[in-house]
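**Student:** Once you have looked at the hints, place chains L, U and G on chain Y.
So the chains spell out like this:
Protein chains: 4
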Amino acid sequence: CLFTTSSNMAKSKFEYVRNFETDDTCLRNCYIVVRLDGRNFHKFTEQHKFAKPNDNRALGLMSRSARSVMEELEDIVIAYGQSDEFSFVFKRTSTWFKRRASKLMTHVASQFSSSYVFYWKEFFGEDQPLLYPPSFDGRVVLYPSNRNLKDYLSWRQADCHVNNLYNTVFWTLVQKGGLTTAQAEERLKGTLAADKNEILFSEFNINYNTEPAVLKKGTTLIWEKLPNAEEKEVAVTRSRRRVQAHHCDVIGEQFWEEHPDILEDDNC
Amino acid sequence: CLFTTSSNMAKSKFEYVRNFETDDTCLRNCYIVVRLDGRNFHKFTEQHKFAKPNDNRALGLMSRSARSVMEELEDIVIAYGQSDEFSFVFKRTSTWFKRRASKLMTHVASQFSSSYVFYWKEFFGEDQPLLYPPSFDGRVVLYPSNRNLKDYLSWRQADCHVNNLYNTVFWTLVQKGGLTTAQAEERLKGTLAADKNEILFSEFNINYNTEPAVLKKGTTLIWEKLPNAEEKEVAVTRSRRRVQAHHCDVIGEQFWEEHPDILEDDNC
Amino acid sequence: CLFTTSSNMAKSKFEYVRNFETDDTCLRNCYIVVRLDGRNFHKFTEQHKFAKPNDNRALGLMSRSARSVMEELEDIVIAYGQSDEFSFVFKRTSTWFKRRASKLMTHVASQFSSSYVFYWKEFFGEDQPLLYPPSFDGRVVLYPSNRNLKDYLSWRQADCHVNNLYNTVFWTLVQKGGLTTAQAEERLKGTLAADKNEILFSEFNINYNTEPAVLKKGTTLIWEKLPNAEEKEVAVTRSRRRVQAHHCDVIGEQFWEEHPDILEDDNC
Amino acid sequence: CLFTTSSNMAKSKFEYVRNFETDDTCLRNCYIVVRLDGRNFHKFTEQHKFAKPNDNRALGLMSRSARSVMEELEDIVIAYGQSDEFSFVFKRTSTWFKRRASKLMTHVASQFSSSYVFYWKEFFGEDQPLLYPPSFDGRVVLYPSNRNLKDYLSWRQADCHVNNLYNTVFWTLVQKGGLTTAQAEERLKGTLAADKNEILFSEFNINYNTEPAVLKKGTTLIWEKLPNAEEKEVAVTRSRRRVQAHHCDVIGEQFWEEHPDILEDDNC
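Just so you know, the sequences run in chain order Y, L, U and G.
Using the working numbering, you'd call the opening residue of the first sequence number 1 and step up by one each time.
Using the working numbering, you'd call the opening residue of the second sequence number 1 and step up by one each time.
Using the working numbering, you'd call the opening residue of the third sequence number 1 and step up by one each time.
Using the working numbering, you'd call the opening residue of the fourth sequence number 1 and step up by one each time.
Be aware that a few hints might be false.
Any copy will do: because identical chains look the same in the list, a pair fits if it lies in one copy or spans two.
Stated by the list, open to error - Listed below are the simulated BS3-like cross-link pairs for lysine-lysine, each with C-alpha atoms no more than 25 Å apart in a straight line:
id	residue 1	residue 2
1	LYS13	LYS91
2	LYS91	LYS225
3	LYS121	LYS98
4	LYS103	LYS43
Don't read these hints as lab results, they were simulated from the structure.
If we strip away everything but chain Y, and leave its shape as in the complex, we get (with noise of 0.2 Å):
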């Protein structure tokens, strides 16, 4: 009995240490990206045996874990993800979580994780099993104005498009023309893209501009109003929507004019 009381007393003469936490709140009035990215993805792959230069089963997943991510968490307008990467964007005037960087990256983390692992059977089923957890580490970054923002999702459609046709040409090297990797990468050292596309266009007859979009542009998540969402069920409206997936450019402005209430106006 008296250790108890003790250690009732204990709790309150220890709770000073609550005082060195420091306040990570965001800037108001910008939009918070998070942004994950796989931990040793080179060597997961391999011991998991993904398809060159692209998994579909993977890529499925990760698109899978990202809506888990905009389904759970309130105030994601927008997500992209392009290879073993994801970045989900809070709306400018978000209050989740009181704006804490800390709190937001973690549980985009933490869920994202979680969903990996849940779903990596509704993908990859019984013949590969997931041999240990993978995980993902993530930042935070904020961007002022909608240029910003838009420049911030093309810099990384542009790296999914410039990956994207390197691997291609490289991998082709290798399983169709019968280069080793070393040799692949030195056949491709100081190509630009238009010598990359005449690789695979003249020895293997493969057009680059015909191939899935998913991988050459990525996947965009985005949230879509269901049509049967009646204007007076008000209390509802949250449930009256879903994540829908997009493998379009987003560089140029078509994207932002068909979509013009996905980000706010900077005049706020």
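**Tutor:** Below, chains L, U and G alone, put in the same frame as chain Y:
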């Protein structure tokens, strides 16, 4: 071709957005604590029929996931968990991830969450399937001195004790005493630790002091050197240790005297 | 000799302490506002016999010191002051001091404070010597959009107006109405702006709207191009401008329409 | 009237901009060091004809300004200065300004700068008027342990020594040896401390070790209890102490053993 060339150029044009990332390096010579807390675990425990007041399967899964974190990340010298929370302490001189707070906390949150799903079946078997991917949020706190760090761990263990005593009495009143949860809450209003011990002992013949240590003290994970590690095998030293769980008091000095290697000297 | 050699070595041995400095770079593409406030200026104004409710010498000295800040630091596009405070706005694309918050705010605070003492005699003459060195504290706030920045300046100007109206009535009641300060405070409790205007007009025949603009609107400093600057003299452009003081409304759009070059576009 | 009412309302409408301020509280239980450095002091010393290599008037003014900072701000336990820089150390448990970094550093920078101008004439007399207001920039660095803090001060004192020895030889070569500054620079390239001592001694008969301590060691300011302070007069304790200047070694342990009250224990 035109397209791909411009896409290449586009990437460099957009790359300025990288400069919006801000540095979040943790202050040197401070212990870095990452604490995870279950999100909406009240609902999660209901839906997965956790035993009340404590579910040993769930506590085992928490420890297993924490061990996975310690084994995957470098420089965690001690971890402490209770209920649906776990704290991980990086040594004060760690340079892991260049001490970047965002990387450290998202990696911990991710590894823990994926492990929680991965090892679920090992603890809950086939009877209780995992219904949806759970999530945890995290935070980073820095402690400049050994005293501060010990007080942090003491605070969490005192919290464990206070909560566990309350929950033990509360659920005993409900499960064995036939009270409703509202009645049990009313009964306990304003009671001290001594009163709660007395209720358990005089009404239910339960001696709280003999309850399992894992419930009263939580779980402390530290590294233990394997006895057969030979001095000369320097190269494999890192693997010559394993995570060991303790359920002992960390508030007093005895634990720290018995394990003098966990903390580094303040005078560094 | 031994000593000096070891001292040389000592320096490099101690240099690790530099790594404890943390980065405080301001988020890109945001306006950086540094606001200074007088420390203990209530006491300072008493001891230096400032006229009530406004001392024109003191307001002139504040503006002169602010001008000195604008002339010495780069990239300040507008400054606004009232009473014992002054705000300085760095342009959103500024790279001055690599956008390091600590450098920006200490330099502003330092230049302003040394100027305040340096120019004191120019405004207070020989009659009122400076009795001791005054001080100001500062802070940095970031604003991501033009709307936010204008609202910040509007907030300070609205504050100027509200305080000046109150102080004008308060000191008129005391100086001309013969009330004690306690009586004047009591008289004004709960009064609205309209009530205060009415007291001034009906009891003291003062029309608040004709009070000097410097008191009602504060002081706005902006850069003005000198008319005789010739286009070809690119090299000397920087000196071909001077700080110009305005005492006009900055809440409405007119000021911003008349000076379209102060702010940069949101779409950058 | 309409105007003033709307201005009142305007203020509350704009007040949301306050929420853009971010918290910059310094981590608890760390020493807070604010260091000031003269801005463009090379030019400033030229224009004000400072004696080379050291100007005693200028060093005296720096110390006088630093004393003014210690007397006006709370919780500075030690300050160290050399050349055109001064460091101020707040005690690790200080709650002054709620430990807000921006307030601490701007207040130090402001008080120091206004004092520098205020006391100029006391040191430079009528012969050398102050031509324009000088400025200093500042930064904040946190140190978690006594070892780190001592090493910081040692680093600055080692820097003082290294620079002063160089400057002493350099200006002796120029002023007494008749070398141009370019020749002196060339002569000293690659020399060690021992070489510099030798040049001074063998060529100019100067024993560096007997140079004034203020130049070799810089200036350390600490609080000294006044001897006539009576124990019972608790209320006036704060004024019963004064700032005392030392020019002694702070790298070794002797200084700290002689003044055991400057630092607080690490175990707090």
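**Student:** If a hint holds in the structure, say so; if it does not, say that too.
**Tutor:** Comparing the hints with the structure gives:
Within a single copy, LYS13 and LYS91 get their C-alpha atoms only as close as 41 Å, which misses the 25 Å cut-off; across copies the closest is 22 Å, which meets it. Within a single copy, LYS91 and LYS225 get their C-alpha atoms as close as 17 Å, which meets the 25 Å cut-off; across copies the closest is 40 Å, which misses it. Taking the shortest Cα distances, LYS121 and LYS98 never come within 25 Å of each other, neither inside one copy (35 Å) nor across copies (35 Å). Proximity of LYS103 to LYS43 under the C-alpha cut-off of 25 Å is restricted to the inter-copy arrangement: shortest distance 20 Å between copies versus 29 Å within a copy.
In this structure, the one hint that does not hold is number 3.
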